[in-house]
Amino acid sequence: MADLANPEIARRFPDLHPAFAHQEAAVEANRCLYCFDAPCTVACPTHIDVPRFIRKLASENFRGSALTILDANLLGASCSRVCPVEVLCEGACVMHRYNRAPIEIGRLQRFALDVFHASGDTELPSLPSGARQLRVACVGSGPASLSCAGELARRGHKVTVFEARPLAGGLNTYGVAEYKLNAEAALREVEFIQSLGVEIRCNEEIDSARFTQFAAEYDAVFLGLGLGKMEQLGIPGEDLHGVVDALRFIAEYKTGERLSAPGRVVVVGAGNTAVDAASAARRLGANDVSMLYRRTVAEMSAFEFEYEHAKHEGVEFRWLAKPLRIAGQAGRVTGLECVRVDTGDEFTIPCEMVIPAIGQSRGRALLESAQGSLKIFAGGDLTNGGREVVDAVADGKRAALAIHAQFGETHA
Amino acid sequence: MPDLSVNFAGIKSPNPFWLASGPPANCGEQVMRAFDAGWGGAVWKTLGEPIINVCSRYSSVDLNGQRMMGLNNIELISDRPLAVNLREIAEVKRRYPKHAVIASLMVESKRESWQEIVKQSEDAGADGLELNFGCPHGMSERGMGSAVGQVPEYTQMITEWVREIARTPVLVKLTPNISDIRVAARAARRGGAHGVSAINTINSITGIDLDTLRPRPDVGGLSSHGGYCGPAVKPIALNMVQQIGADADARQPVSGIGGVSSWRDAAEFILLGCGTVQVCTAAMHYGFRIVEDLADGLDNWMREKGFATLEDFRGLSLPKVVEWKNLDLNFKVVARIHEDKCIGCDLCYTACRDGAHQCIHLDRGKRPDASRITTTPIPKLDGPMADNRVTPLHRIPRVDEAECVGCNLCALVCPVENCITMDRVENGLAFQSWEQRNI
Ligand SMILES: Cc1cc2nc3c(=O)[nH]c(=O)nc-3n(C[C@H](O)[C@H](O)[C@H](O)COP(=O)(O)OP(=O)(O)OC[C@H]3O[C@@H](n4cnc5c(N)ncnc54)[C@H](O)[C@@H]3O)c2cc1C
Ligand SMILES: Cc1cc2nc3c(=O)[nH]c(=O)nc-3n(C[C@H](O)[C@H](O)[C@H](O)COP(=O)(O)O)c2cc1C
Chain A
1 MADLANPEIA RRFPDLHPAF AHQEAAVEAN RCLYCFDAPC TVACPTHIDV
51 PRFIRKLASE NFRGSALTIL DANLLGASCS RVCPVEVLCE GACVMHRYNR
101 APIEIGRLQR FALDVFHASG DTELPSLPSG ARQLRVACVG SGPASLSCAG
151 ELARRGHKVT VFEARPLAGG LNTYGVAEYK LNAEAALREV EFIQSLGVEI
201 RCNEEIDSAR FTQFAAEYDA VFLGLGLGKM EQLGIPGEDL HGVVDALRFI
251 AEYKTGERLS APGRVVVVGA GNTAVDAASA ARRLGANDVS MLYRRTVAEM
301 SAFEFEYEHA KHEGVEFRWL AKPLRIAGQA GRVTGLECVR VDTGDEFTIP
351 CEMVIPAIGQ SRGRALLESA QGSLKIFAGG DLTNGGREVV DAVADGKRAA
401 LAIHAQFGET HA
Chain B
1 MPDLSVNFAG IKSPNPFWLA SGPPANCGEQ VMRAFDAGWG GAVWKTLGEP
51 IINVCSRYSS VDLNGQRMMG LNNIELISDR PLAVNLREIA EVKRRYPKHA
101 VIASLMVESK RESWQEIVKQ SEDAGADGLE LNFGCPHGMS ERGMGSAVGQ
151 VPEYTQMITE WVREIARTPV LVKLTPNISD IRVAARAARR GGAHGVSAIN
201 TINSITGIDL DTLRPRPDVG GLSSHGGYCG PAVKPIALNM VQQIGADADA
251 RQPVSGIGGV SSWRDAAEFI LLGCGTVQVC TAAMHYGFRI VEDLADGLDN
301 WMREKGFATL EDFRGLSLPK VVEWKNLDLN FKVVARIHED KCIGCDLCYT
351 ACRDGAHQCI HLDRGKRPDA SRITTTPIPK LDGPMADNRV TPLHRIPRVD
401 EAECVGCNLC ALVCPVENCI TMDRVENGLA FQSWEQRNI
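Protein sequences appear in the order of chains A and B. Be aware that the first sequence starts at 1, since it is given in the numbering used here, and climbs by one per residue. Be aware that the second sequence starts at 1, since it is given in the numbering used here, and climbs by one per residue.
Do not take every clue at face value.
To be verified - Here are a few chain B residues that face chain A, going by a calculated C-beta distance under 10 Å:
no.	residue
1	G38
2	D346
3	T375
4	L381
Stated by the list, open to error - Calculated cross-link-like contacts (lysine to any residue; reagent style SDA-like; alpha-carbon spacing at most 20 Å):
no.	chain 1	residue 1	chain 2	residue 2
5	B	K380	A	V297
6	B	K341	A	V297
7	B	K341	A	P236
Quick caveat, the hints were computed from the structure, so don't treat them as lab data. The C-beta atom is built at its ideal place from N, Cα and C for all residues, glycine as well.
Model the full assembly from the supplied sequences, consistent with the hints where possible.
As structure tokens, this is what we get:
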């Protein structure tokens, strides 16, 4: 864990939304109107009781505030940093109709959970356990599985999480932009879930063969596999040195394996992942970073605020253009040959790196190989097609409650 | 430009804004700077026998991140030698002949002691005297301050002693730590006072440190009850001022004190009959410079209202405070929610439902289906988002006007100005008070 906190990366990716100091948090918390049936709570996929936790912050009931958050969402700490609050809680804040800035819910939530973790007392109050202790396997250790596992463990069930990669946390650890959530903070949350009694086994990929054995070992399985591999561009030159898909590129810098980017980088695609890769390339030292998209700004799938952020980072956008071929010399990328989809004009962008970011495939293999009497649940990116961390957390919790209700409670 | 000058109970000053007796009027250097900043007068930090102060001395109550909504102190009277204070009073008067310098006094309850200090103060050039019968802590344990103010006979007696030799106007500063301020004010008047100053500080314990379990302020692990002042006490002070002004036997010139921090507060005290206002906490919080807005704001308001002098509006609100039994039982207002302003916080709904009369309802539009799973809206998957700048109808509450008792609570909790108004309902019924009804 410690070796993940690379000082160079930390220097290049300072918090986009810095932590609140104590007094700042108090002033912001006191701005909250404490709406009845608050729209922010309705908008949150995990329905955190926002006015309640903010009120507790205002009264300096810090533990109570954190428990209010965690009661709804065990991964409240990462959500507070990574959530697109602009389209969720903060987007729903009534302050927008008052010509005032919305309450900074995300930063307040982060403050509450930072204080909670710093307090050293992270024990959660116990929940009524089920009539029977279930054995549950969660495959994948992303937000969906962690949420599911934690909720089940809190209710007295025995949960084992299997993760193919060396570190747990899924995209929280390997994917989310470092200036939102660093791997260290992601792993702190993983440890918190472990402290609830969850066993996590890393470096254990579950294949169909192993999966079939689960029926004998577990009462239920939750699949939180996320999405599959990144889609390839399907053009010549993709095997050149210097072609790195966005997820690999991001994971490498987040784990400290990659500390720099070459001078000129082209990112293909215009989703949130593409934006993250492009911004990261800038921060890793690339002077020219452009994003290539075959449609126009209106169709880009990244959130508006992510697009603004990328422009702020100095990323250039090339609309209505698609890649034809990656040019190279001596096995290395030298440029990207493109064509304007409207005019048909061809042009080349000289560069040393090409980052494809045109989406991930759906990795449903395991899901489809499910068989026998085993009860299978699934959630997160795997089932919702790729939304956000908070959606995965909500899915995981719903699955846990369903598992608990179906087997834990009713079977005497 | 309106004229702010006053002649209060025979004490003249260029404006009605006086520093109250306390830390801001502790020494000549401060008082002169205050006069330079625009204060019309100063009541010197109470003079008397030598005392020793403790440390620490102040504590406060904050409200929602706002500091010092109420201030508490366990400080005694001046801890400087009397001779030094008198010398500085003389110096200030020499340099600022037009400003009012009032000597606040407190000595043991002996005729000679009082008469001696009155003489010394007047010899130093004080324009008036304020007898401090109000300090609620420390001095009261020694039979002074509020120990005098709480016994009408003592108040009258000492005032009489002072009047026997005083050449300048005599004010009596009243303590609010009694059940009926009128009794104290009547005693002062019987004793020959030219006016009263009200109020001094209110007995208080501001709070307890929840780590150490020590009450504040902390004096080596112990504390003592102190005197409360600042914005929090203004309503109590206004009430007491009104009571004095409305009582035939208590009525006399009043210098209003308690929570004055802006020109609005000053205007309110004057509307209830005060001839001057005194300020302590606000000057301690923000410095002497606040007087600029006191004067400027009052000026502008008087201009707008067409008042040329303070006498034009002094006491105008006094007759508007009557006994409850004289209020019109047939006067009716109801709450109206102006939906163009409503931001949908629904605080009025929950306040009315839990804290009032259950006449505000959320039934104007279809509420979103609670069983629907909420997800992050992704433009690619879900299309454009709804515009959150428009309040959805289901969040705009409805007032059942037939049931509304017109209590004001919803309008008080609403964070948006003028979104909920209390509108007059003409019911055609003639004025009828409880008294008339029960004849
Ligand atoms: C680059 C990028 C940036 C993002 N930024 C944000 C953001 O800022 N905010 C936000 O809210 N969301 C963001 N997201 C989306 C968010 O990360 C996902 O929605 C969320 O992580 C989904 O959680 P999950 O648990 O379903 O899957 P994942 O987080 O993908 O976790 C799945 C895990 O399962 C493991 N696994 C898969 N198959 C197996 C197997 N057979 N055996 C064992 N383990 C297996 C994987 O190794 C992985 O660790 C981002 C996504 C990406 C790609
Ligand atoms: C620290 C402190 C010391 C005070 N000392 C005196 C005093 O010596 N004599 C006195 O008559 N009043 C004293 N007061 C009371 C003030 O004169 C005034 O009556 C009271 O503070 C209410 O006014 P405010 O709300 O503007 O502060 C003191 C108040 C404070 C806060």
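Hint-by-hint comparison with the structure:
1. Interface hint at G38/B: violated, since its Cβ lies 31 Å from the closest Cβ of chain A, which is beyond the 10 Å cut-off.
2. Of the supplied interface hints, the one on D346/B holds, with its beta-carbon coming within about 4 Å of a beta-carbon of chain A, less than 10 Å.
3. Given hint, T375/B at the interface with chain A, holds; its Cβ is 5 Å from that chain's nearest Cβ, closer than 10 Å.
4. Because the beta carbon of L381/B sits about 7 Å from the nearest beta carbon in chain A, less than 10 Å, this interface hint is met.
5. With a CA separation close to 13 Å, the supplied pair K380/B and V297/A stays within the 20 Å bound.
6. Of the supplied pair hints, the one linking K341/B and V297/A is violated, its CA atoms being roughly 35 Å apart against a limit of 20 Å.
7. This hinted pair does not check out: K341/B and P236/A have alpha carbons roughly 60 Å apart, beyond 20 Å.
Consistency note: the structure conflicts with the earlier hints numbered 1, 6 and 7.
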